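Student: First to last, the protein sequences are chains A and B.
Following my numbering, the numbering of the first sequence begins with 133 at its first residue and continues without gaps.
Following my numbering, the numbering of the second sequence begins with 133 at its first residue and continues without gaps.
Worth flagging that the hints you see were computed from the coordinates, not collected in a lab.
Check before you lean on any hint, since a few could be wrong.
Since the list gives no way to pick one copy over another, a pair counts as held whenever it fits inside one copy or between any two copies.
Said to hold, decoys possible - Keeping only pairs whose Cα atoms sit at most 25 Å apart, straight-line, the calculated SDA-like set for lysine to any residue is:
#, residue 1, residue 2
1, K359, A322
2, K333, M224
3, K333, A225
4, K215, A244
All of these numbers come straight from a predicted model, not from anything done at the bench.
Number of protein chains: 2
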Amino acid sequence: MSRLAILAGQGDLPHRLSVAHPDALFVHFEGLDVETPGNEPFLTSYERFGEMFGGLTAAGVDRVVFAGGLARPTLNPANFDAKMLELAPRFMAAMQGGDDGLLRAVIETFEAHGFAVLGAHELIDELTADAGLLAGAEPNESDRADITKARDILGALGPLDIGQGAVVAGGQPLGIETAQGTDAMLRFVAETRNEMSGGAKGVLVKAPKPGQDLRIDMPAIGPETVKAAANAGLTGITIDAGQVLLIDRSATLSAAKDLGLFILAEDR
Amino acid sequence: MSRLAILAGQGDLPHRLSVAHPDALFVHFEGLDVETPGNEPFLTSYERFGEMFGGLTAAGVDRVVFAGGLARPTLNPANFDAKMLELAPRFMAAMQGGDDGLLRAVIETFEAHGFAVLGAHELIDELTADAGLLAGAEPNESDRADITKARDILGALGPLDIGQGAVVAGGQPLGIETAQGTDAMLRFVAETRNEMSGGAKGVLVKAPKPGQDLRIDMPAIGPETVKAAANAGLTGITIDAGQVLLIDRSATLSAAKDLGLFILAEDR
Numbered sequence: 133m134s135r136l137a138i139l140a141g142q143g144d145l146p147h148r149l150s151v152a153h154p155d156a157l158f159v160h161f162e163g164l165d166v167e168t169p170g171n172e173p174f175l176t177s178y179e180r181f182g183e184m185f186g187g188l189t190a191a192g193v194d195r196v197v198f199a200g201g202l203a204r205p206t207l208n209p210a211n212f213d214a215k216m217l218e219l220a221p222r223f224m225a226a227m228q229g230g231d232d233g234l235l236r237a238v239i240e241t242f243e244a245h246g247f248a249v250l251g252a253h254e255l256i257d258e259l260t261a262d263a264g265l266l267a268g269a270e271p272n273e274s275d276r277a278d279i280t281k282a283r284d285i286l287g288a289l290g291p292l293d294i295g296q297g298a299v300v301a302g303g304q305p306l307g308i309e310t311a312q313g314t315d316a317m318l319r320f321v322a323e324t325r326n327e328m329s330g331g332a333k334g335v336l337v338k339a340p341k342p343g344q345d346l347r348i349d350m351p352a353i354g355p356e357t358v359k360a361a362a363n364a365g366l367t368g369i370t371i372d373a374g375q376v377l378l379i380d381r382s383a384t385l386s387a388a389k390d391l392g393l394f395i396l397a398e399d400r
Numbered sequence: 133m134s135r136l137a138i139l140a141g142q143g144d145l146p147h148r149l150s151v152a153h154p155d156a157l158f159v160h161f162e163g164l165d166v167e168t169p170g171n172e173p174f175l176t177s178y179e180r181f182g183e184m185f186g187g188l189t190a191a192g193v194d195r196v197v198f199a200g201g202l203a204r205p206t207l208n209p210a211n212f213d214a215k216m217l218e219l220a221p222r223f224m225a226a227m228q229g230g231d232d233g234l235l236r237a238v239i240e241t242f243e244a245h246g247f248a249v250l251g252a253h254e255l256i257d258e259l260t261a262d263a264g265l266l267a268g269a270e271p272n273e274s275d276r277a278d279i280t281k282a283r284d285i286l287g288a289l290g291p292l293d294i295g296q297g298a299v300v301a302g303g304q305p306l307g308i309e310t311a312q313g314t315d316a317m318l319r320f321v322a323e324t325r326n327e328m329s330g331g332a333k334g335v336l337v338k339a340p341k342p343g344q345d346l347r348i349d350m351p352a353i354g355p356e357t358v359k360a361a362a363n364a365g366l367t368g369i370t371i372d373a374g375q376v377l378l379i380d381r382s383a384t385l386s387a388a389k390d391l392g393l394f395i396l397a398e399d400r
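Next comes chain A alone, as it looks inside the complex (with noise of 0.2 Å):
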């Protein structure tokens, strides 16, 4: 018997995959807003690990999946229960690496107690996207060129583990993504482009760092995405095919309709 705990963070991710799994055990940890599905969740809490492994356990649970933004909520030391004290210093230490150190962590202490970690877009295929033109006109030969030149960009950085998004414009790099995210990248370019890059319009490329695990952080696109996009003045979106989260698929597409953007999925 193989049954999956869906681990609930923000957004509606959580009460999507309930629905297409419907015999998950749906985890709601206290202090965390989510949309609770129609089956009673499992109510328990980051400072009792100890409480949950064993009620994974006692539900049959062998799978989880991190689903939804994980905010980093406010622990008291005097709540913790033994196997959270046990586990508390690696985490302490997991922090110095930011957050995505420290959910590397804990999916490693989930392996650690015998329970395979799911990527939520290896349960839903929808969350991602096959290869191929989603939306728009196919990018002209400019803009093949300015494609390859963000790809290029992202490839150099990504051992360095930085990057899962750059503008470039006619040859030239106008946004490369850093810590404050793809939309903090995309309107300094809208507010600094001017008449850097001649005709050009741009395209933007999400992809994720080389080695990134999909099950902690994964690069993603909205309508808001595309909106920014179209306000920065670019042509189109490329993404990677299968590995990059389309939030709110059909509002996305019909986002990059409307404004006249492309958005390619590409295998890599």
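Fit chain B to the known structure of chain A by using the hints.
Tutor: Just chain B now, with coordinates in the frame of chain A:
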């Protein structure tokens, strides 16, 4: 007999070169508003390269320096002399590679006509800095790590001919220079950094791209760069010794002292 010609562009650099090299021929291009020195300039035009080369040779010139920003003037092909008519197709093709491409072609043309082309930094030592702490307090261990990471970013992007500047704070990349330049990047960091980087203030590293021709386009910092870096919350600026122009050295260093930023020049 070896004589220098100063091909004067905008800013105070032509005048400073003329003071340092009073025997140099000062070349003033029609349509450029330049500060002329005491000695009489040789007035010529981008439209008459034949006249210019002839004048330089007649004056005993065998070395030239491109000094200051050379705004691209409006050229009237009806006024081209025979040499410029011969060169124009090459220059027009080079413009496809942007201003750098054009200037590179112009430099190659000078060299092909027997003139050595020097960089301003080769003619006035104090335009750049020797290695050492120029202003402020020694960077601490965290700053040193940020400097190293910013250099790693620039090193990764260099082969793509991208990036003369990067900002890193507490290990987090906050800004990577794109075509819009250093000031735009620093404004972006000021507007977006929020609480991204914990307690670390962060550093700006400015350095030429690997293989960058410093006779064409030299990275530069000045008082405005220091103010923008302070406004972005940074703790200091690191530059390459001998390879980054200090615009108004004393004003740059006193701005750093006033605002509490370090300026560190490093050998590479």
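Student: Each hint should be assessed against the structure and marked as holding or not.
Tutor: Evaluation of the provided hints:
| no. | hint | in the structure |
| --- | --- | --- |
| 1 | K359 - A322 | both (11 Å within a copy, 24 Å between copies) |
| 2 | K333 - M224 | between (45 Å within a copy, 22 Å between copies) |
| 3 | K333 - A225 | between (45 Å within a copy, 22 Å between copies) |
| 4 | K215 - A244 | within (13 Å within a copy, 76 Å between copies) |
The structure fails none of the hints (numbered hints given earlier).
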